[in-house]
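There are 2 protein chains.
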Amino acid sequence: MVRVEKLVVVGVGLIGGSFALALKEAKAVRRVVGVGRSAANMYRAQELKIIDAAGRFDAETFGDADLVMLAMPVGQTRSVMRAIAPVLGRHTVVTDAGSTKEDVVDMAGHELKASLSRFVPGHPIAGTEKSGADAAFAGLYRGRKVVLTPIKRTETRALALVRAAWRACGASVFELKPREHDAVLASVSHLPHVLAFALVDQIARRKDAKRLFRYAAGGFRDFTRIASSHPEMWRDICLANRKGLLGELKRYQGELERVRRMLERGDGKALEGLFAGARDARNRWLKEGQ
Amino acid sequence: MVRVEKLVVVGVGLIGGSFALALKEAKAVRRVVGVGRSAANMYRAQELKIIDAAGRFDAETFGDADLVMLAMPVGQTRSVMRAIAPVLGRHTVVTDAGSTKEDVVDMAGHELKASLSRFVPGHPIAGTEKSGADAAFAGLYRGRKVVLTPIKRTETRALALVRAAWRACGASVFELKPREHDAVLASVSHLPHVLAFALVDQIARRKDAKRLFRYAAGGFRDFTRIASSHPEMWRDICLANRKGLLGELKRYQGELERVRRMLERGDGKALEGLFAGARDARNRWLKEGQ
Chain U
1 MVRVEKLVVV GVGLIGGSFA LALKEAKAVR RVVGVGRSAA NMYRAQELKI
51 IDAAGRFDAE TFGDADLVML AMPVGQTRSV MRAIAPVLGR HTVVTDAGST
101 KEDVVDMAGH ELKASLSRFV PGHPIAGTEK SGADAAFAGL YRGRKVVLTP
151 IKRTETRALA LVRAAWRACG ASVFELKPRE HDAVLASVSH LPHVLAFALV
201 DQIARRKDAK RLFRYAAGGF RDFTRIASSH PEMWRDICLA NRKGLLGELK
251 RYQGELERVR RMLERGDGKA LEGLFAGARD ARNRWLKEGQ
Chain G
1 MVRVEKLVVV GVGLIGGSFA LALKEAKAVR RVVGVGRSAA NMYRAQELKI
51 IDAAGRFDAE TFGDADLVML AMPVGQTRSV MRAIAPVLGR HTVVTDAGST
101 KEDVVDMAGH ELKASLSRFV PGHPIAGTEK SGADAAFAGL YRGRKVVLTP
151 IKRTETRALA LVRAAWRACG ASVFELKPRE HDAVLASVSH LPHVLAFALV
201 DQIARRKDAK RLFRYAAGGF RDFTRIASSH PEMWRDICLA NRKGLLGELK
251 RYQGELERVR RMLERGDGKA LEGLFAGARD ARNRWLKEGQ
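Residue numbers (my numbering), protein chains in the order written: chain U, 1 to 290; chain G, 1 to 290.
Keep in mind that the hints are not guaranteed to be accurate.
Since the list gives no way to pick one copy over another, a pair counts as held whenever it fits inside one copy or between any two copies.
SDA-like, lysine to any residue: derived pairs with alpha carbons at most 25 Å apart [said to hold, decoys possible]:
#, residue 1, residue 2
1, K49, S117
2, K207, E111
3, K287, S172
4, K250, R225
5, K27, G63
6, K269, F57
7, K130, V87
8, K269, R206
9, K177, A217
10, K243, G254
11, K250, A270
12, K145, D52
13, K243, E255
14, K287, T128
15, K24, K177
16, K269, E47
17, K145, R225
18, K243, R214
19, K177, L246
Just so you know, these hints were derived from the structure itself, not from any lab.
On a predicted model such as this, the values are computed, not experimentally measured, just so you know.
Please model the complete structure; the sequences and the hints are all you need to start from.
Have a look at this one:
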């Protein structure tokens, strides 16, 4: 069983906060220190007993940490790495929870200096549309998947610690190359988010938006749930995985054009075939337990 | 309180079956007769006590019915109307639950003959991605919206009966013109269904589909829930509301092109603005109780 004496969480929101709570629940951590830009959120995190104390970007906070979890929006990754690099302990293992990995690995290569070999890039494929310390809960990662994307220089010990910590949270751990991770997530996560945001935006900007929303029901609610996600976080993800996402978007635009042509020529057989194929594929996926 | 002596449901699936169950639960109906093309489903509907007997397209079934609910896929509307027109009683009120209304009104005008003035076109905005008698439940319409789209010739008595029946099911009843209904639903229902089907299809047809699905999680599951909907039903809806849907699809394609350009030029500010606007609009909608 893994045992972390001191964990530092940078960004104590849904992701970082739930990581801390899960490790606490598993009795896999002794002390959790939080670092964040919002004093109100840090106060709330202490109140909720997610963290035991609030820290700063200094040696006192980071020098004796066994594990550091970077869980702020990915857009802040570079500046946070730059801030912690000089104060990290010689044995401190660093991991992150960013939704994109190529850019994080690239930034780590530039910023983490001597600590690079103890950096384990990671991404828990879990979350809700909510954010902030109040949204955190110990069970978020139970039965979910976490992808780690170690690089050549990643130390075995560091990788093992991060693996063990995620397992203690109840997650299954997978490994992919950073590029593979970003390509896969662009397709099954980043694109759907953009599509949902775009649908709501398109409706909200119309003169008759109020009437349109009045007749929106359960299908619309579920389809657009992810459009209630954190705008800054999703801006950062889109920019960080811009190339992969553009590729997926283009592919999807091609697919919509295909559907549009079926509709235009009133091709019921083709539409039904496409719908049935999609339903079967989705139901198979659900059955296989995601 | 409304009291229907004999209700005939054509198509005893999720929608028609739940209508029967809700009226039974409200003690607003004495006897329910089901008509459908699948003997197995009719048998199951009797077993589940959704219907009291199975009927046919004949005078015995329809001649003394107070209310007929047409709840088969919209593609069968014309042939069903043609089959029942000669056997409907002189006081029988007919309504339907089709997801499109302009085409239904048009077909009724051609097929229902003397019964046209007792036809009340309707659409319950409720459902799940499931289908068949097994999916039916009495609470489906509780707190949901039903849109009726009466025409000039619709008798007041017929409209009042259908209104009262839906209220007995726990639904709120609204009125729109058939064209308005189709335009609104194209935007908040038909388009999202097509977008969800298209996303799953696009992924399922790829060589690496298996790996992509492996990392799909909760956001993907909710976004694509409606892609598990009935393919034949959605083929019929797409064809029936082809023009409205094509307009919405084109508009959405324009929106995606806007987003693509923001991404291409790395315009984080514009992306964040769009995401935040969408989130706010959706959260407002949720708060206002849909």
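Against the structure, the hints:
| no. | hint | verdict |
| --- | --- | --- |
| 1 | K49 with S117 | neither (32 Å within a copy, 67 Å between copies) |
| 2 | K207 with E111 | neither (48 Å within a copy, 37 Å between copies) |
| 3 | K287 with S172 | within (18 Å within a copy, 36 Å between copies) |
| 4 | K250 with R225 | both (23 Å within a copy, 23 Å between copies) |
| 5 | K27 with G63 | within (22 Å within a copy, 72 Å between copies) |
| 6 | K269 with F57 | neither (61 Å within a copy, 28 Å between copies) |
| 7 | K130 with V87 | neither (32 Å within a copy, 56 Å between copies) |
| 8 | K269 with R206 | between (33 Å within a copy, 21 Å between copies) |
| 9 | K177 with A217 | between (40 Å within a copy, 19 Å between copies) |
| 10 | K243 with G254 | both (17 Å within a copy, 20 Å between copies) |
| 11 | K250 with A270 | both (22 Å within a copy, 19 Å between copies) |
| 12 | K145 with D52 | neither (27 Å within a copy, 48 Å between copies) |
| 13 | K243 with E255 | both (19 Å within a copy, 19 Å between copies) |
| 14 | K287 with T128 | both (22 Å within a copy, 18 Å between copies) |
| 15 | K24 with K177 | neither (30 Å within a copy, 58 Å between copies) |
| 16 | K269 with E47 | neither (59 Å within a copy, 34 Å between copies) |
| 17 | K145 with R225 | both (20 Å within a copy, 20 Å between copies) |
| 18 | K243 with R214 | between (37 Å within a copy, 22 Å between copies) |
| 19 | K177 with L246 | within (20 Å within a copy, 40 Å between copies) |
In summary, the structure is inconsistent with hints 1, 2, 6, 7, 12, 15 and 16 from the numbered list given earlier, while agreeing with the others.
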